[in-house]
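Enquirer: Here the protein sequences come in this chain order: R and V.
Once you know that position 6 of the first sequence is 6 in our numbering, the rest is easy, because the numbers rise by one and skip nothing.
Once you know that position 129 of the second sequence is 129 in our numbering, the rest is easy, because the numbers rise by one and skip nothing.
Derived by calculation from the structure, the hints in this document are not laboratory data.
Quick caveat: nothing in here was measured; it's all calculated off a predicted structure.
For every residue, glycine included, the Cβ atom is placed at its ideal position computed from N, Cα and C.
Fair warning: there could be bad hints in the mix.
What the hints assert, rightly or not - Examples of chain V residues lying across from chain R (beta carbon under 8 Å, computed): (1) E11; (2) D13; (3) F31; (4) R53; (5) V55; (6) E56; (7) Y163; (8) T170; (9) P171; (10) W190; (11) S191.
Claimed, not checked - Beyond 12 Å from chain V on every Cβ pair, some chain R residues (computed): (12) H6; (13) E148; (14) A310; (15) Y311.
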Amino acid sequence: MNDNYHIFSDGRVERHNDTVRLVTDDDEKKYLPIENAEALFLHGQIDFNTRVISFLDDHGVAMHVFGWNDYYSGSIMPERGQTSGQTVVEQVRAYDDEAHRGKIAREIVDGSIHNMRANVTYYDNRDYDLDSTLDALDRRREEIQSAESVEEAMGVEASARRAYYGIFDQILPEGFVFGGRKYNPPNNKVNSLISFGNSLVYANIVSAIRATALDPTISYLHEPGERRYSLALDLADLFKPVLTDRVVFRLVNRGQLSDDDFDSEMNACLLTETGRETFSKEFEQTLDRTIEHPRLNRKVSYQYLLRVEAYKLKKHLLTGEPYESFERWW
Amino acid sequence: MSGHADERTGETDPVNLLLESARDEAVESPFHVTGVMMQYYEVCKRELWFESRDVEIDRENPNVVRGTHVDETAYDEKRRNLSIDGRIAPDLLDDGRVVEVKPSSTLVEPARLQLLYYLWYLDRVVGVEKEGVLAHPTERKRESVELTDENEQQVEDAIRGIYDVVRSDTPPPAKEKPFCESCAYHDFCWSC
Numbered sequence: 001m002n003d004n005y006h007i008f009s010d011g012r013v014e015r016h017n018d019t020v021r022l023v024t025d026d027d028e029k030k031y032l033p034i035e036n037a038e039a040l041f042l043h044g045q046i047d048f049n050t051r052v053i054s055f056l057d058d059h060g061v062a063m064h065v066f067g068w069n070d071y072y073s074g075s076i077m078p079e080r081g082q083t084s085g086q087t088v089v090e091q092v093r094a095y096d097d098e099a100h101r102g103k104i105a106r107e108i109v110d111g112s113i114h115n116m117r118a119n120v121t122y123y124d125n126r127d128y129d130l131d132s133t134l135d136a137l138d139r140r141r142e143e144i145q146s147a148e149s150v151e152e153a154m155g156v157e158a159s160a161r162r163a164y165y166g167i168f169d170q171i172l173p174e175g176f177v178f179g180g181r182k183y184n185p186p187n188n189k190v191n192s193l194i195s196f197g198n199s200l201v202y203a204n205i206v207s208a209i210r211a212t213a214l215d216p217t218i219s220y221l222h223e224p225g226e227r228r229y230s231l232a233l234d235l236a237d238l239f240k241p242v243l244t245d246r247v248v249f250r251l252v253n254r255g256q257l258s259d260d261d262f263d264s265e266m267n268a269c270l271l272t273e274t275g276r277e278t279f280s281k282e283f284e285q286t287l288d289r290t291i292e293h294p295r296l297n298r299k300v301s302y303q304y305l306l307r308v309e310a311y312k313l314k315k316h317l318l319t320g321e322p323y324e325s326f327e328r329w330w
Numbered sequence: 001m002s003g004h005a006d007e008r009t010g011e012t013d014p015v016n017l018l019l020e021s022a023r024d025e026a027v028e029s030p031f032h033v034t035g036v037m038m039q040y041y042e043v044c045k046r047e048l049w050f051e052s053r054d055v056e057i058d059r060e061n062p063n064v065v066r067g068t069h070v071d072e073t074a075y076d077e078k079r080r081n082l083s084i085d086g087r088i089a090p091d092l093l094d095d096g097r098v099v100e101v102k103p104s105s106t107l108v109e110p111a112r113l114q115l116l117y118y119l120w121y122l123d124r125v126v127g128v129e130k131e132g133v134l135a136h137p138t139e140r141k142r143e144s145v146e147l148t149d150e151n152e153q154q155v156e157d158a159i160r161g162i163y164d165v166v167r168s169d170t171p172p173p174a175k176e177k178p179f180c181e182s183c184a185y186h187d188f189c190w191s192c
């Protein structure tokens, strides 16, 4: 099991004997079984010292830190990561070769559109008439094949996502008005949920990339790493519909989130601590879902699919065997 | 496999390349053969290619964990690891024999080839003749291994074969084998 642990309260994370424990500000002690952990997600104000970092390092556990506005702000990764000069060289070579870069970028957009379309189809089969969106996505998918530059590919991706986001207001119940994607900061409840979900996808992909020797800053669809792990942005696009969006639909349609779970001030709308807790619980359950993988011949978790995606890209770069981006097959 | 060297007109035979750089520090050669490469050559040439490109193995893989455990715990008191030029690292028993410990005898040929390579290397580079023993502690089985003219040839052919695989720009294509599922490269190899 590769479990993620989310910490929402304020306090201190420390090594205690051979475990990690959380001591909250009101002096409550909680032990985290990190033997099976993939990463700790720190959402509150947390103190920690070098002892706990060494301990997590020994166990190969990453720590992802989130800022006040739910945004990913950085990671403390285990030292025993993978390094391979050869991998990075091939990664850069592919980036520098316009045709090669374009091909990978188009493949990522193609997979992203497929995965958006899978969500639309799901709701189209459930009393909603979403034919026009399906048509629009199909046209974008045709367009992507002939996109000549990476900018053009980015443009196709953006207009596909716009068409796709257009169905949200149809699917989501009253009280959850979306009106298009806004972030920095999110302006309403739906946008705050998408922002939070996408940052969780992103952090999980940072961990997955780290399991390979790929350099997280060298990317193909997005421009390479200005302050961000742009390769994680590339791969996150593929998984947002499967992870973030489905969790948003599920929680909102089941009425699991109320106005109390959001904090609105100025133009920003952010999840409260309990809101984030509810969201990440459902998100983690989604990551733990398993699906029969046709090539690996066994059931794998959604979370492991992120790792597989990093493997696929790395294998493509090293061997020249074709890269086919993740497309939801179930 | 004989006549292999003749096909390489104008090029140094990989066996000589390896020997020259092993015997003389001044000879720089990017071509090294480790014991594990010998094993992989026999088991799966794609695995060998991945290994040569620093593709990470999945250390959480149960078979990797098991192999490491057997290797770390078996015959602990009676054997010591010997690193030679940082290129090969055979284990020696008290009686001076080279031992190769394997968790099971299912992949016995690859382990035998690895052991033979150690014996060959010790003989050709270091100048000591050693006997070997192949041990499967979990099955309480041991088997003596000696370097003969015939298996010397097998080692040298493997060195040439490894050279070809490692020098190739692309790995051999994936091919389903009975032991694929237990391979530490399985998910990397079959992800697509």
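Enquirer: Identify whether the interface hint at E56/V stands, where standing means a beta carbon of chain R within less than 8 Å of its own.
Expert: holds (4 Å)
Enquirer: Going by Cβ atoms, does Y311/R stay more than 12 Å from chain V at every point?
Expert: Answer for Y311/R: violated, closest chain V Cβ roughly 4 Å.
Enquirer: Would the hint on W190/V be counted as holding, given a Cβ-Cβ threshold of 8 Å to chain R?
Expert: holds (5 Å)
Enquirer: With a cut-off of 8 Å on the beta carbons, see whether D13/V makes it to chain R.
Expert: violated (26 Å)
Enquirer: Just to be careful: measuring from the Cβ of F31/V to every Cβ in chain R, is the smallest value less than 8 Å?
Expert: violated (16 Å)
Enquirer: Report holds or violated for the interface hint on P171/V, using the least CB-CB distance to chain R and a cut-off of 8 Å.
Expert: holds (5 Å)
Enquirer: Tell me if Y163/V is really an interface residue toward chain R, meaning its C-beta lies closer than 8 Å to one of theirs.
Expert: Violated. Min distance 18 Å.
Enquirer: Tell me if the interface restraint on T170/V is satisfied: Cβ within less than 8 Å of some Cβ in chain R.
Expert: Hint holds; T170/V Cβ to chain R Cβ min 6 Å, cut 8 Å.
Enquirer: Is the shortest C-beta separation between S191/V and chain R less than 8 Å?
Expert: holds (4 Å)
Enquirer: Per the stated criterion, does the least C-beta distance between E148/R and chain V lie above 12 Å, as a non-interface residue requires?
Expert: holds (27 Å)
Enquirer: Is it the case that H6/R keeps its Cβ farther than 12 Å from each residue Cβ in chain V?
Expert: Holds: least Cβ distance 22 Å, greater than 12 Å.
Enquirer: Go through the hint on E11/V and say holds or violated, using the shortest Cβ distance to chain R against 8 Å.
Expert: violated (23 Å)
Hint violations for this structure: numbers 1, 2, 3, 7, 14, 15, all remaining hints satisfied.
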